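Protein chains: 2
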Amino acid sequence: MSGDTVAEDTRSRLLATALKLFSEHGVGGTSLQMIADELGVTKAAVYYHFKTKDEITEAVAAPALQELIARMDEAERQRTRGSQIDHALGGFVDLIVRYRSLIALFNSDPGIMRAIERSLDGVETFAARMRKLLVGPDPDLATTLTANVLLAGLALAGGSSEHAHLDDETLRTHLFDIGRRMLGRPKRRPKTGTGVAEEGA
Amino acid sequence: MSGDTVAEDTRSRLLATALKLFSEHGVGGTSLQMIADELGVTKAAVYYHFKTKDEITEAVAAPALQELIARMDEAERQRTRGSQIDHALGGFVDLIVRYRSLIALFNSDPGIMRAIERSLDGVETFAARMRKLLVGPDPDLATTLTANVLLAGLALAGGSSEHAHLDDETLRTHLFDIGRRMLGRPKRRPKTGTGVAEEGA
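These protein sequences, in sequence, are chains A and B.
Under UniProt numbering, think of the first position of the first sequence as 1, with each following residue one higher.
Under UniProt numbering, think of the first position of the second sequence as 1, with each following residue one higher.
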């Protein structure tokens, strides 16, 4: 491997190790030294990639946030409002489900959110953009509150340990249907294969 | 004042001061010494009432939790399921609105929730009891998830600084209507005076 490739590989392993330790000890309970020890490298090797724990936290969350931006870009390109809503909601739910262990970590440790907010010019911007996709640019108060209850509720319930045993497809289908219902979208026909789309709706 | 009354008065002022400092500095950033200084008493006087910050945190949250229990007791005494749901949901929303600055603090500092969980035998128990009131003892998965999205969303959105400018009655009416809609309750007739009950629903 070239020097760059080795460095890139160390960086990836470092982030995976950080995420593992964050999950076990919380962000507050994890030190750069612990990450170095777990990885079997020196603290200097960690410093080469990241100067602070905030930088590591930000890098751990970056892939999910980049995907969220990509999904919102895609939603904005849809031609009908209905399709925009479904793309935005579907992308949001899909990310919640796939990154739910990360979200559980975020929910349990606001230090992470603060670190991300500092570094990414505000998570508010993400929430505001997602909300605009879901309910349009000039919603009344009832609609704004509905969207905020929905987005917060999906993220918090989706990341809850109570639902950790559910497989991704089941959780995704249910959360998507809850979102569609709250946003007043028409009922979906149940997909062949999952059979849960309309259950208990 | 008798000695008991003086102690009780000091305890009340101590809790009010703690809540003020928690809001300003977070729970993590507030020390018993800071509380003593702000109150103009010795640290020993604080120790007389509370041995740890966890005990103070618990006492700050206790009135809201006791009210929640009382509202759930009241809901359980209702004769029809519809009335049980409305009482439980209405009580939950009312507490969120009245204690929203406390909730905002909780949301920003999971240390508080952990302290309360330790001391009160689990907040889970509250959530489980509230959910049972809202959707019955044996809900299917779709209904369970709907209730969890709703309860988490109401608490998080209700405590959000984005809605801090709304007056209590407006916020309460909207959150209650969102909850009723998600739970499949029939539409309310708008109350004379508030006029917001059906707005944008």
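Hint data in this document are derived by calculation from the structure and do not stem from the laboratory.
Computed from a predicted structure; not experimentally measured.
Check each hint, because a few of them may be wrong.
Same chains, same names: a pair is fine if it fits in one copy or spans any two.
[To be verified] Cut-off 25 Å, straight-line C-alpha distance, at most; resulting in silico cross-link-like pairs (SDA-like, lysine to any residue): (1) Lys-132 to Ala-164; (2) Lys-132 to Asp-167; (3) Lys-132 to Glu-162; (4) Lys-20 to Gly-40; (5) Lys-53 to Lys-187; (6) Lys-43 to Lys-187; (7) Lys-43 to Asp-86; (8) Lys-187 to Ala-142; (9) Lys-132 to His-163; (10) Lys-187 to Val-6; (11) Lys-132 to His-165; (12) Lys-51 to Met-34; (13) Lys-132 to Ser-161; (14) Lys-20 to His-87.
Now the hints, each set against the structure:
| no. | hint | in the structure |
| --- | --- | --- |
| 1 | Lys-132 to Ala-164 | between (30 Å within a copy, 20 Å between copies) |
| 2 | Lys-132 to Asp-167 | between (30 Å within a copy, 24 Å between copies) |
| 3 | Lys-132 to Glu-162 | between (30 Å within a copy, 15 Å between copies) |
| 4 | Lys-20 to Gly-40 | within (15 Å within a copy, 45 Å between copies) |
| 5 | Lys-53 to Lys-187 | neither (45 Å within a copy, 50 Å between copies) |
| 6 | Lys-43 to Lys-187 | neither (54 Å within a copy, 61 Å between copies) |
| 7 | Lys-43 to Asp-86 | neither (46 Å within a copy, 57 Å between copies) |
| 8 | Lys-187 to Ala-142 | both (22 Å within a copy, 14 Å between copies) |
| 9 | Lys-132 to His-163 | between (28 Å within a copy, 17 Å between copies) |
| 10 | Lys-187 to Val-6 | neither (50 Å within a copy, 62 Å between copies) |
| 11 | Lys-132 to His-165 | between (32 Å within a copy, 21 Å between copies) |
| 12 | Lys-51 to Met-34 | within (15 Å within a copy, 32 Å between copies) |
| 13 | Lys-132 to Ser-161 | between (29 Å within a copy, 18 Å between copies) |
| 14 | Lys-20 to His-87 | neither (31 Å within a copy, 43 Å between copies) |
When held up to the earlier numbered hints, the structure conflicts with 5, 6, 7, 10 and 14 and fits the remainder.
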